[in-house]
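If you're matching them up, the sequences are chains A and B in order.
Under the numbering used here, think of the first position of the first sequence as 1, with each following residue one higher.
Under the numbering used here, think of the first position of the second sequence as 101, with each following residue one higher.
Hints in this document: simulated from the structure, not taken from any laboratory.
By construction, the Cβ of each residue, glycine as well, lies at the ideal position given by its N, Cα and C atoms.
Be a bit skeptical, because a hint or two may be false.
Stated by the list, open to error - Residues from chain A shown here face chain B by an in silico Cβ test under 7 Å; the list is partial:
| id | residue |
| --- | --- |
| 1 | Lys27 |
| 2 | Gly35 |
| 3 | Pro36 |
| 4 | Tyr39 |
| 5 | Pro44 |
| 6 | Met46 |
| 7 | Leu48 |
| 8 | Thr82 |
| 9 | Gln85 |
| 10 | Phe96 |
| 11 | Ser97 |
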Amino acid sequence: MMNLHGVDIYIWTPQTPDLPKEFGKFKLILISNRGPRVYPPPAPDMDLLDWPRARFLSDTVVTDEEVDALVHHLTGLGWRWTKCQKLFIKDGVNQFSQPY
Amino acid sequence: MAHQVCLIRGDGVGPELVAAVETVFEAAKVSVDWIEVEAGLKCVEAGKPIVPEETIAKIKEIGVGLKAPMTTPIGKGSVSPNVTLRKKLDLYACVRPVKQLPGVPTPFDGLDIVIFRENTEDLYAQIEYMATEHVAHSVKIISDFGSERICRAAFEYARKNGRKRVVGVHKANIMKIADGLFLNVFKKVATEYPEIESWDNIVDNQCMQLVTKWKLYDVLVMPNLYGDIVSDLAAGMMGGLGVAPGANYGVGCALFEAVHGSAPKYTGMNKVNPTALLLSATLMLEHLGELDARRDVEGALEETLKKGVKTYDLGGDATTSGFADAIASELRG
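Based on the sequences and whatever the hints tell you, model everything.
The following block contains the structure:
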């Protein structure tokens with residue numbers, strides 16, 4: 001059974017975005033750019049693309065509506081996102097990769 | 101004044117190969133102040149990250165490193181120390197020269213190609229998901245920025261080294277957007293180097309042409325995944341991974357490495373061919389401006405091979421250290 005625990009949100013911005021660290025059940029776990037983690041520090045000294053990925057995860061199962069609310073909240077804050085990918089956990093195993 | 105170089109002794113046979121390089125460098129009177137840094141399996145076993153932040157910071161500070169093969173632990177959550185170093189140091193250009201060596205059997209007479217592999221993007225961003233119970237999804241990232249700097253690196257290399265042709269390799273007939281972006285950037289950069297002949301090939305056709313018309317090719321440039329595969333194909337054409345050198349360049353930082361694995365089953369047997377790491381070290385000598393030393397070491401290596409001193413992979417019976425000693429003897433004249 002794939003249980004929904006979070007979402008990766010890809011944002012169109014030239015810099016590492018200053019996003020809410022928490023929203024509802026979600027915590028901002030990391031931001032990556034081109035693969036490597038750039039938040040939380042230390043960030044590698046590298047050139048960034050205008051497509052950072054923010055990972056929001058919850059310790060408990062979340063609903064589609066809660067993911068919608070998070071995305072809607074970021075939109076309301078003025079962040080332009082281009083892609084979202086739900087994050088599932090199955091039998092205690094993350095169904096998504098970790099950044100470098 | 102000695103050159104400062106960060107040194108990763110590696111896992112498995114890595115330390116034996118490094119010892120061989122040290123033997124040869126000493127005979128060549130190359131003055132290097134090796135600064136040892138940690139990475140690889142030993143770090144994981146000690147409860148540290150596979151590439152500690154101190155290692156990243158030190159290599160960035162010194163700007164040059166030599167890396168022996170390392171082992172990627174098998175199991176969930178393990179990451180490749182090699183890819184981690186490339187990503188965290190933003191070593192965007194993987195350069196793999198493949199050239200016929202005397203005494204190393206190959207049907208590809210006159211082989212002399214340099215492959216430029218983009219090192220930081222493509223599917224190697226390692227962004228993957230199970231989208232449903234039955235569908236896996238990997239994200240392939242190709243940017244104009246990443247494509248431009250690797251294409252420019254290839255053309256600059258060609259210009260600096262008197263190479264005549266640069267070929268861009270892609271699969272834009274299928275991945276029209278991602279590889280199409282790479283191809284468009286390649287063509288745009290090529291216009292800035294009118295003295296260098298250039299064209300593009302689809303990667304599958306390129307593989308076929310490499311083994312049928314290898315003399316036609318000079319410098320190849322391609323995205324990460326194709327570069328990974330084609331450079332190993334080319335290493336096989338040269339005589340195998342045991343003789344194929346590699347270099348990774350970023351802005352203000354370069355890391356030189358043998359491209360083969362750590363061969364743990366041969367650990368401590370003094371058996372594995374040190375040529376790949378030694379040739380990688382000679383690329384490092386060039387990077388450090390030690391052109392005479394590079395020529396001397398490569399000349400001594402070629403003389404040694406011509407005399408039939410070879411390790412087991414090339415049909416000989418020389419040990420790792422014995423092979424290094426033979427090269428050192430050539431250097432001492």
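Status of the hints after comparison with the structure:
no. : hint  : result
1   : Lys27 : violated (19 Å)
2   : Gly35 : holds (4 Å)
3   : Pro36 : holds (5 Å)
4   : Tyr39 : violated (15 Å)
5   : Pro44 : holds (5 Å)
6   : Met46 : holds (4 Å)
7   : Leu48 : violated (9 Å)
8   : Thr82 : violated (12 Å)
9   : Gln85 : holds (5 Å)
10  : Phe96 : holds (5 Å)
11  : Ser97 : holds (4 Å)
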